[in-house]
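K.L.:
As a plain string of letters, each chain reads:
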Amino acid sequence: MITVLFFGPVADRVGERQIDVPFREGMCWQDVRDELTPRYPEAFALVSIAAVNGERVRDDVRTPLADGAEIVFMSRFSGG
Amino acid sequence: MITVLFFGPVADRVGERQIDVPFREGMCWQDVRDELTPRYPEAFALVSIAAVNGERVRDDVRTPLADGAEIVFMSRFSGG
Amino acid sequence: MNDAVRLQLEDFSQDEEVCALRAGSMRMGGIATFLGCARDFSEGREVCEIGFDAYRPMALAELQKLRTEAIERFGLIEARIVHRLGTVRAGDNIVFIATGAEHRAPALEACRWLIDELKERVPIWKKEITPSGEAWVTPHP
Amino acid sequence: MNDAVRLQLEDFSQDEEVCALRAGSMRMGGIATFLGCARDFSEGREVCEIGFDAYRPMALAELQKLRTEAIERFGLIEARIVHRLGTVRAGDNIVFIATGAEHRAPALEACRWLIDELKERVPIWKKEITPSGEAWVTPHP
Numbered sequence: 001m002i003t004v005l006f007f008g009p010v011a012d013r014v015g016e017r018q019i020d021v022p023f024r025e026g027m028c029w030q031d032v033r034d035e036l037t038p039r040y041p042e043a044f045a046l047v048s049i050a051a052v053n054g055e056r057v058r059d060d061v062r063t064p065l066a067d068g069a070e071i072v073f074m075s076r077f078s079g080g
Numbered sequence: 001m002i003t004v005l006f007f008g009p010v011a012d013r014v015g016e017r018q019i020d021v022p023f024r025e026g027m028c029w030q031d032v033r034d035e036l037t038p039r040y041p042e043a044f045a046l047v048s049i050a051a052v053n054g055e056r057v058r059d060d061v062r063t064p065l066a067d068g069a070e071i072v073f074m075s076r077f078s079g080g
Numbered sequence: 001m002n003d004a005v006r007l008q009l010e011d012f013s014q015d016e017e018v019c020a021l022r023a024g025s026m027r028m029g030g031i032a033t034f035l036g037c038a039r040d041f042s043e044g045r046e047v048c049e050i051g052f053d054a055y056r057p058m059a060l061a062e063l064q065k066l067r068t069e070a071i072e073r074f075g076l077i078e079a080r081i082v083h084r085l086g087t088v089r090a091g092d093n094i095v096f097i098a099t100g101a102e103h104r105a106p107a108l109e110a111c112r113w114l115i116d117e118l119k120e121r122v123p124i125w126k127k128e129i130t131p132s133g134e135a136w137v138t139p140h141p
Numbered sequence: 001m002n003d004a005v006r007l008q009l010e011d012f013s014q015d016e017e018v019c020a021l022r023a024g025s026m027r028m029g030g031i032a033t034f035l036g037c038a039r040d041f042s043e044g045r046e047v048c049e050i051g052f053d054a055y056r057p058m059a060l061a062e063l064q065k066l067r068t069e070a071i072e073r074f075g076l077i078e079a080r081i082v083h084r085l086g087t088v089r090a091g092d093n094i095v096f097i098a099t100g101a102e103h104r105a106p107a108l109e110a111c112r113w114l115i116d117e118l119k120e121r122v123p124i125w126k127k128e129i130t131p132s133g134e135a136w137v138t139p140h141p
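Chains as they are written, first to last, in the working numbering: chain R, 1 to 80; chain A, 1 to 80; chain G, 1 to 141; chain X, 1 to 141.
If you're looking for bench data, these hints aren't it; they were derived computationally from the structure.
Model, not experiment: these values are computed from the prediction.
Backbone N, C-alpha and C define an ideal beta-carbon position, used for all residues, glycine too.
Do not take every clue at face value.
Claimed, not checked - Label pairs and their calculated CB-CB ranges:
| # | chain 1 | residue 1 | chain 2 | residue 2 | range |
| --- | --- | --- | --- | --- | --- |
| 1 | R | Asn53 | X | Gly75 | 38 to 46 Å |
| 2 | X | Gly24 | R | Pro64 | 54 to 62 Å |
| 3 | X | Pro57 | G | Asp116 | 26 to 34 Å |
| 4 | R | Glu25 | G | Glu134 | 24 to 32 Å |
Same shape as in the complex, but just chain R (with noise of 0.2 Å):
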């Protein structure tokens, strides 16, 4: 199971804080935001970040998720 966290107005988008994914080996972490993002269109209009396992992940490079790992989409911070 891929575990999916949302934070502050991506979560109040989606409804939930967390949802969670079935693990298939080999999917990377863009093949779980092209899976929510019509389900969730609103909230994944505001997702510019993310972040696997606590890591940012760029866009650019697809590695295989591990059974198990964490997920986050996030919109820009405003902390401070």
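Chains A, G and X: place on chain R using the hints.
P.N.:
Chains A, G and X alone, transformed into the frame defined by chain R:
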């Protein structure tokens, strides 16, 4: 009478914090400096800033002093 | 309170943070700080409260990385960063950064760098709560 | 303590100064401070104490001018400057500057500008007192 004040390293070299100089009609602060420099050459070697009545004065502007004026000959500041 | 980098609900004291910053060294000649506070007005709207959300483990890890990077990059003796979470009211403290170096220039430059980088790199979001509703803050691009 | 610009023998508290800085306004979003302290080492020499001399009326007037100029130039809401005189020991506070503005950039820039200008414009001299004697500090050109 003109009051001349010294502080910090200049006062140490003069050996005094205050000396009085007789007032003469039409004298400028530069005249006071030129009069004191040969008496306290080591102190005046440090002097790079002068103030008359608490205001910094420019070397190239000659304004006659009023009787009772306060002149300060200062080395570069080192506060803060 | 003694961790140099913290995310916390409670308020903090500048004096205590600066005292902790200086505790390890008598060679600090310059200490710069930045304190971010909740304003009662933002872009024309009256703001009563500000609520924060954070991806906490990553936010703490990013703050720790920022501290280490600032120390190396500017040759600091020490640096501290505290960011509040939960809800704060107008006038309350939000974020505090303190940097200590032998001389003033690196302390001042590091403090500026840290608050700028914090806003870019730390996963925290703020929501303004006004009399007429709530709105997440959209950072200027 | 309530004057925004002071020359004093006593120590001061950052918390109290920042509290006084904020007292008049709830619109301050950013507060920058600079604290200068006495180091126990300077250019290879061990320093026990630092003594100050000042041309007090001019020093205070220059500090007041600096505060007014900084407020105008950077659009600050408020600014405070405290400089100690007399003798301080290694590790003690010497000078404190606090600047408050709606946003962080002017507060940080004004704080930097104030400490740089203070060193150029305010008639204060410091003497380092070491185990082997005393020496007036010569500012770097």
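K.L.:
If a hint holds in the structure, say so; if it does not, say that too.
P.N.:
Against the structure, the hints:
1. R:Asn53 to X:Gly75: 38 to 46 Å: holds (44 Å)
2. X:Gly24 to R:Pro64: 54 to 62 Å: holds (58 Å)
3. X:Pro57 to G:Asp116: 26 to 34 Å: violated (40 Å)
4. R:Glu25 to G:Glu134: 24 to 32 Å: Cβ of Glu25 of chain R to Cβ of Glu134 of chain G: about 42 Å, so the range 24 to 32 Å is violated.
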